[in-house]
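Chemist: Top to bottom, those sequences are chains P and S.
Under our numbering, the first sequence has 22 at position 22, and the numbering climbs by one with no breaks.
Under our numbering, the second sequence has 76 at position 76, and the numbering climbs by one with no breaks.
Treat each hint with caution, since some may be false.
List time: in silico DSS-like cross-link candidates among lysine-lysine, alpha-carbon distance up to 27 Å [stated by the list, open to error]:
id	chain 1	residue 1	chain 2	residue 2
1	P	Lys29	S	Lys76
2	S	Lys76	P	Lys54
3	S	Lys76	P	Lys36
4	S	Lys82	P	Lys36
5	P	Lys5	P	Lys17
6	S	Lys6	P	Lys54
7	P	Lys36	S	Lys145
8	P	Lys54	P	Lys17
9	P	Lys17	P	Lys36
10	S	Lys76	P	Lys17
11	S	Lys79	P	Lys17
12	P	Lys17	P	Lys29
A few chain P residues that face chain S, going by a derived Cβ cut-off under 10 Å, partial list only [claimed, not checked]:
id	residue
13	Gln27
14	Asp33
15	Lys36
16	Arg55
17	Leu58
Please keep in mind that the hints were generated in silico from the structure rather than gathered at the bench.
Where a beta carbon is used, it is the ideal one built from N, C-alpha and C, also for glycine.
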Amino acid sequence: MLTRKIDESIVIGDDIKVFIVDIRGDQVKLGIDAPKDISVHRQEIYEDIQQENKRAALSNRVNVDKVFETLRKSQKEKEIESDS
Amino acid sequence: MKLNTKQFGEIEIDPNEIIEFPAGILGFEDYHRYVILEFEDSIFQFLQSVEEPWLSFIIMMPELLRPDYQVAVEEKYVKELKFQDASEGRVYVIITISEDLSDMTANLQAPIVINWNRRLAKQVVLMDGAYNTRHNVLAEMEQAKANNSLRKTV
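Turn these sequences into a full structure, and let the hints steer you where they fit.
Modeler: Given below as structure tokens:
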């Protein structure tokens, strides 16, 4: 664990720099310098996406036929025809 | 080659169609190889793991929900997916289904970006705040249809 004050920074590896921009109450503003090929994200967003992927994964759902019956292309085309 | 799948049993696939996800899919980082199964009459496709029969995702093309859907091509993706030209790219979004089909949602915030020529892909996280992980598919399609009709009458 490292303790830093405002304007102090941390270097990770050779290329990633994290610095404390501002501290107000329980909010810390961080600045991050990283090479363009490295992604930087808020953890909760990453977790949200992981969660959603897990919900989406068809590990135990068998009822895919129903989904495929809905929204069939041919149905959709008929709708478009009748609209024009 | 033969591929065992939970949804479709044993199927035949062309090994050249296998798509490599070097970083895997978020939450499934241990699985790197998938194929896309298309169905003639469906707007949905299947992203089927080649490594694990039970692992598959329903996917669809995001333009069907948002005709203006675009993934900003950032330098890190260009390098990672070895893009030489935008025309090599294909984007799909993952669908979450539930018992009530009207609840189907699409994750527009984390699309699957594929370099179709190189068979390389990645799940990309869009940070611009325009999308979230659960857009109602039927509602979005209705909206897209309505917008399209408006355009026609104008």
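Chemist: Now, for every hint given, state plainly whether the structure supports it.
Modeler: For each hint, the structure was consulted:
no.: 1; hint: Lys29/P x Lys76/S; result: 24 Å, holds
no.: 2; hint: Lys76/S x Lys54/P; result: 25 Å, holds
no.: 3; hint: Lys76/S x Lys36/P; result: 6 Å, holds
no.: 4; hint: Lys82/S x Lys36/P; result: 15 Å, holds
no.: 5; hint: Lys5/P x Lys17/P; result: 15 Å, holds
no.: 6; hint: Lys6/S x Lys54/P; result: 17 Å, holds
no.: 7; hint: Lys36/P x Lys145/S; result: 38 Å, violated
no.: 8; hint: Lys54/P x Lys17/P; result: 32 Å, violated
no.: 9; hint: Lys17/P x Lys36/P; result: 13 Å, holds
no.: 10; hint: Lys76/S x Lys17/P; result: 18 Å, holds
no.: 11; hint: Lys79/S x Lys17/P; result: 22 Å, holds
no.: 12; hint: Lys17/P x Lys29/P; result: 14 Å, holds
no.: 13; hint: Gln27; result: 19 Å, violated
no.: 14; hint: Asp33; result: 15 Å, violated
no.: 15; hint: Lys36; result: 4 Å, holds
no.: 16; hint: Arg55; result: 5 Å, holds
no.: 17; hint: Leu58; result: 5 Å, holds
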